[in-house]
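Asker: For reference, the chains in residue letters:
Protein chains: 4
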Amino acid sequence: MKQRVFEANLALPDAGLIKLTWGNVSEIDREAGVIVIKPSGVPYAEMTAESMVATDLAGVPLDAKGLKPSSDLATHVVLYRHFEKVNAIVHTHSTNAVKWAQARRDIPAYGTTHADTFYGAVPCTRPLSQEEIVSAYEEETGNVIVATFQERHLDPLSCPAVIVSGHGPFTWGKSCQEAVQNSVVLDEVAGMALGTELLNADIASIDQYLLDKHYYRKHGKDAYYGQV
Amino acid sequence: MKQRVFEANLALPDAGLIKLTWGNVSEIDREAGVIVIKPSGVPYAEMTAESMVATDLAGVPLDAKGLKPSSDLATHVVLYRHFEKVNAIVHTHSTNAVKWAQARRDIPAYGTTHADTFYGAVPCTRPLSQEEIVSAYEEETGNVIVATFQERHLDPLSCPAVIVSGHGPFTWGKSCQEAVQNSVVLDEVAGMALGTELLNADIASIDQYLLDKHYYRKHGKDAYYGQV
Amino acid sequence: MKQRVFEANLALPDAGLIKLTWGNVSEIDREAGVIVIKPSGVPYAEMTAESMVATDLAGVPLDAKGLKPSSDLATHVVLYRHFEKVNAIVHTHSTNAVKWAQARRDIPAYGTTHADTFYGAVPCTRPLSQEEIVSAYEEETGNVIVATFQERHLDPLSCPAVIVSGHGPFTWGKSCQEAVQNSVVLDEVAGMALGTELLNADIASIDQYLLDKHYYRKHGKDAYYGQV
Amino acid sequence: MKQRVFEANLALPDAGLIKLTWGNVSEIDREAGVIVIKPSGVPYAEMTAESMVATDLAGVPLDAKGLKPSSDLATHVVLYRHFEKVNAIVHTHSTNAVKWAQARRDIPAYGTTHADTFYGAVPCTRPLSQEEIVSAYEEETGNVIVATFQERHLDPLSCPAVIVSGHGPFTWGKSCQEAVQNSVVLDEVAGMALGTELLNADIASIDQYLLDKHYYRKHGKDAYYGQV
Numbered sequence: 001m002k003q004r005v006f007e008a009n010l011a012l013p014d015a016g017l018i019k020l021t022w023g024n025v026s027e028i029d030r031e032a033g034v035i036v037i038k039p040s041g042v043p044y045a046e047m048t049a050e051s052m053v054a055t056d057l058a059g060v061p062l063d064a065k066g067l068k069p070s071s072d073l074a075t076h077v078v079l080y081r082h083f084e085k086v087n088a089i090v091h092t093h094s095t096n097a098v099k100w101a102q103a104r105r106d107i108p109a110y111g112t113t114h115a116d117t118f119y120g121a122v123p124c125t126r127p128l129s130q131e132e133i134v135s136a137y138e139e140e141t142g143n144v145i146v147a148t149f150q151e152r153h154l155d156p157l158s159c160p161a162v163i164v165s166g167h168g169p170f171t172w173g174k175s176c177q178e179a180v181q182n183s184v185v186l187d188e189v190a191g192m193a194l195g196t197e198l199l200n201a202d203i204a205s206i207d208q209y210l211l212d213k214h215y216y217r218k219h220g221k222d223a224y225y226g227q228v
Numbered sequence: 001m002k003q004r005v006f007e008a009n010l011a012l013p014d015a016g017l018i019k020l021t022w023g024n025v026s027e028i029d030r031e032a033g034v035i036v037i038k039p040s041g042v043p044y045a046e047m048t049a050e051s052m053v054a055t056d057l058a059g060v061p062l063d064a065k066g067l068k069p070s071s072d073l074a075t076h077v078v079l080y081r082h083f084e085k086v087n088a089i090v091h092t093h094s095t096n097a098v099k100w101a102q103a104r105r106d107i108p109a110y111g112t113t114h115a116d117t118f119y120g121a122v123p124c125t126r127p128l129s130q131e132e133i134v135s136a137y138e139e140e141t142g143n144v145i146v147a148t149f150q151e152r153h154l155d156p157l158s159c160p161a162v163i164v165s166g167h168g169p170f171t172w173g174k175s176c177q178e179a180v181q182n183s184v185v186l187d188e189v190a191g192m193a194l195g196t197e198l199l200n201a202d203i204a205s206i207d208q209y210l211l212d213k214h215y216y217r218k219h220g221k222d223a224y225y226g227q228v
Numbered sequence: 001m002k003q004r005v006f007e008a009n010l011a012l013p014d015a016g017l018i019k020l021t022w023g024n025v026s027e028i029d030r031e032a033g034v035i036v037i038k039p040s041g042v043p044y045a046e047m048t049a050e051s052m053v054a055t056d057l058a059g060v061p062l063d064a065k066g067l068k069p070s071s072d073l074a075t076h077v078v079l080y081r082h083f084e085k086v087n088a089i090v091h092t093h094s095t096n097a098v099k100w101a102q103a104r105r106d107i108p109a110y111g112t113t114h115a116d117t118f119y120g121a122v123p124c125t126r127p128l129s130q131e132e133i134v135s136a137y138e139e140e141t142g143n144v145i146v147a148t149f150q151e152r153h154l155d156p157l158s159c160p161a162v163i164v165s166g167h168g169p170f171t172w173g174k175s176c177q178e179a180v181q182n183s184v185v186l187d188e189v190a191g192m193a194l195g196t197e198l199l200n201a202d203i204a205s206i207d208q209y210l211l212d213k214h215y216y217r218k219h220g221k222d223a224y225y226g227q228v
Numbered sequence: 001m002k003q004r005v006f007e008a009n010l011a012l013p014d015a016g017l018i019k020l021t022w023g024n025v026s027e028i029d030r031e032a033g034v035i036v037i038k039p040s041g042v043p044y045a046e047m048t049a050e051s052m053v054a055t056d057l058a059g060v061p062l063d064a065k066g067l068k069p070s071s072d073l074a075t076h077v078v079l080y081r082h083f084e085k086v087n088a089i090v091h092t093h094s095t096n097a098v099k100w101a102q103a104r105r106d107i108p109a110y111g112t113t114h115a116d117t118f119y120g121a122v123p124c125t126r127p128l129s130q131e132e133i134v135s136a137y138e139e140e141t142g143n144v145i146v147a148t149f150q151e152r153h154l155d156p157l158s159c160p161a162v163i164v165s166g167h168g169p170f171t172w173g174k175s176c177q178e179a180v181q182n183s184v185v186l187d188e189v190a191g192m193a194l195g196t197e198l199l200n201a202d203i204a205s206i207d208q209y210l211l212d213k214h215y216y217r218k219h220g221k222d223a224y225y226g227q228v
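Same order as they appear, the protein sequences are chains S, F, W and L. Count the first sequence with UniProt numbering and you get residues 1 to 228, in order. Count the second sequence with UniProt numbering and you get residues 1 to 228, in order. Count the third sequence with UniProt numbering and you get residues 1 to 228, in order. Count the fourth sequence with UniProt numbering and you get residues 1 to 228, in order.
These are computed hints drawn from the structure, not numbers from a lab. Mixed in with the good hints there might be a few duds.
Identical copies carry no separate label here, and so any pair may be met within one copy or between two of them.
Derived SDA-like pairs (lysine to any residue); straight-line CA-CA distance at most 20 angstroms [claimed, not checked]:
1. Lys218 to Leu20
2. Lys19 to Glu7
3. Lys221 to Ala204
4. Lys68 to Glu132
5. Lys19 to Thr95
6. Lys221 to Thr48
7. Lys2 to Ser135
8. Lys218 to Leu157
9. Lys19 to Asp29
10. Lys68 to Asp222
11. Lys213 to Asp63
12. Lys85 to Asp56
13. Lys221 to Glu178
14. Lys221 to Leu199
15. Lys174 to Gln130
16. Lys213 to Pro61
17. Lys218 to Glu139
18. Lys68 to Ala223
19. Lys221 to Pro61
20. Lys174 to Asp202
21. Lys221 to Ala54
The model shown is predicted, which means the values in this text are computed figures rather than measured ones.
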């Protein structure tokens with residue numbers, strides 16, 4: 001499990017989604033009651049599988065003398081608690097997704113590249129209040145993500161991404177590999193959507209039936225994309 | 001033939017036109033009645049020449065126990081049926097071309113880089129209707145491409161590309177290599193055209209005689225570009 | 001000399017300025033009466049130093065059985081005839097410079113990165129007329145460049161670049177290396193200038209005294225940049 | 001020390017921040033009274049640790065027969081004199097930061113990627129006057145940077161970057177590594193901020209309490225990011 005999380009963390013700079021130490025991947029084993037996450041602020045070149053930090057489901061490190069976990073762990077813990085089918089979470093500051101986060105806008109579903117992975121617009125949270133930021137910033141970041149999904153009646157598995165206002169994206173999935181892949185797709189569609197608006201300021205999201213078609217080509221019981 | 005199609009498929013991520021498994025190349029042998037296409041959803045790192053799927057001209061796999069063909073095969077089949085001089089087809093979600101597809105706009109011929117390959121604007125199809133999407137999506141995608149060329153009196157060989165509204169580009173050619181090359185050119189001119197509009201919102205397409213000059217420098221009986 | 005021209009041609013795709021076979025470098029030896037230029041339409045992977053084509057000063061190949069020279073040779077010949085201190089010429093379709101060519105706009109001197117190499121705006125030619133295009137396209141392309149420099153009283157060595165309307169850039173210099181370097185700088189400042197306008201639609205060119213300072217830091221008898 | 005400065009200079013083209021010879025890194029040893037800086041105009045491929053130029057605190061080379069120091073040395077000298085806790089300085093013409101410099105605008109703090117490194121907007125200086133440019137250009141560039149920080153009551157360590165109007169960025173830090181890292185962050189947030197404005201022309205900087213939270217997560221006595 002540490003090996004998987006380590007490799008998933010390395011996949012982020014390889015995909016151009018991470019500069020310096022900006023980002024982290026975690027995985028949860030709900031049966032064993034363990035979360036494994038990247039350590040805080042360790043350069044990618046110095047990380048090993050052993051550097052990964054194991055914690056309990058409340059985010060308390062199992063090895064009190066080991067490396068400190070990512071400072072964003074508390075956000076991951078909240079998401080795992082509420083998104084029960086999610087087994088891995090990725091946080092990045094990938095360039096295109098951050099542009100939307102800073103613009104405080106949802107990323108509309110402008111095409112099938114988007115619809116193949118995200119069933120509808122990728123939501124942007126409201127900004128956190130001063131009280132939330134001062135009291136328990138990382139935990140409240142998780143809470144505002146969960147609240148966004150609840151208020152908009154979104155299913156975390158059919159929209160496996162969010163952008164946090166003024167901050168950046170979180171993505172997730174059933175496995176580390178899927179969560180990383182969703183970060184790749186998110187940044188790509190974020191860049192495409194910006195270009196789309198520059199070319200046509202009046203463009204609308206794709207029709208609901210095209211969204212349905214592409215999403216369900218790849219997901220659910222009637223999926224027919226791939227070899228399964 | 002499988003080797004050629006395999007290599008052409010690999011050329012797409014090498015040229016930066018493909019992320020993940022988004023895209024496919026096929027080739028047709030009209031004499032032998034065979035189409036060879038990429039399998040559906042197989043990661044590029046795992047593909048071999050043997051993974052390529054051979055089908056008949058209706059798109060039925062010759063080896064019923066083999067890998068499933070690309071889910072876009074039905075689109076390729078329609079295009080091969082109507083574009084009789086086309087021997088290879090490429091589909092990608094390349095970043096710049098998708099921006100125009102999502103903006104639902106033709107790519108105007110703003111310069112000679114465009115005119116060297118595409119004789120006039122690269123057309124964008126109309127959006128598919130709900131009925132078309134629900135009934136036979138991939139086949140109807142082929143049909144709307146063919147209809148676009150018929151209605152606008154376009155020759156598929158002098159404009160070897162189309163962008164499907166809300167989706168992305170298809171390109172083609174007399175060989176796999178030519179079809180892939182046309183995808184490279186299309187994405188490059190799509191990016192240039194966006195920048196051109198940002199610099200000059202009132203810019204017009206190039207003059208017809210400059211378009212003629214550049215296109216026919218490279219194509220037709222009076223071509224004088226290259227070593228032939 | 002063929003080796004130098006060959007290496008300079010290879011430097012273009014290495015610097016990301018060329019896709020496919022779009023572009024060419026030539027060098028002139030005025031004493032010997034020889035021009036060496038890239039052959040027409042030969043893939044970079046297949047070129048060798050021996051593939052380079054030697055011609056006389058009128059552009060007639062010395063070896064009648066050898067490869068055909070670049071189709072743009074006639075443009076180079078005109079430039080060498082009128083720009084007497086120029087010893088090497090580069091033509092590319094580099095992405096950012098083409099955006100300005102297609103927008104039919106001069107590239108303003110918005111900063112010192114520009115001023116270090118180009119003493120003032122890089123001019124964009126007028127579009128060629130139908131008669132010019134039909135009669136002797138490549139030669140007339142050279143003529144319109146020369147006319148642009150004459151009408152604006154520009155010195156080809158202090159502004160070693162031009163963009164041809166609807167087409168793309170030509171750069172030059174005292175050596176192949178300098179001409180290639182000027183293509184690198186041109187594309188970089190073309191991209192910077194586009195971003196500058198997006199950030200400030202009312203921005204003006206830099207002050208004449210800052211332009212003077214930076215240009216003459218690197219050029220002329222009072223230059224003090226570098227080790228000479 | 002020469003080795004450190006050499007490696008930091010090489011890190012700039014590796015990070016994509018430098019083309020040709022545009023940029024330089026210096027380090028100061030205040031105890032020993034020595035500054036080490038890149039030589040002027042030497043191609044990166046030809047540089048060695050021994051090429052680095054050592055000077056006294058006034059910028060006079062210790063080895064009168066050695067290579068000439070970077071022409072920007074006088075700017076570094078002024079900054080070291082006034083920014084007493086700064087031990088290393090980097091100058092680049094990195095693409096995104098130059099766009100803001102040429103647009104003559106501060107880079108607003110639009111998100112946490114920015115706030116993690118820069119406590120507030122990165123300031124853009126006023127343009128230099130003709131007299132300043134003609135008399136002692138590089139020294140006056142240092143002076144206008146210092147004046148910008150004094151007039152705005154900015155702390156050079158909490159905002160370790162500036163953009164010089166019409167020119168480009170300088171960054172600094174307690175070490176070469178930190179100064180280079182700040183150049184990487186600056187160019188990244190400069191690009192993000194441009195995209196943010198394209199997506200939302202009315203966007204404001206992030207709230208002061210989010211800025212405080214992110215900056216002080218990584219800096220000062222209550223920092224809790226990383227392993228220290």
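Asker: Tell me the numbers of any earlier hints that the structure contravenes, in ascending order.
Answerer: 3, 4, 6, 7, 9, 11, 14, 15, 16, 19, 20, 21
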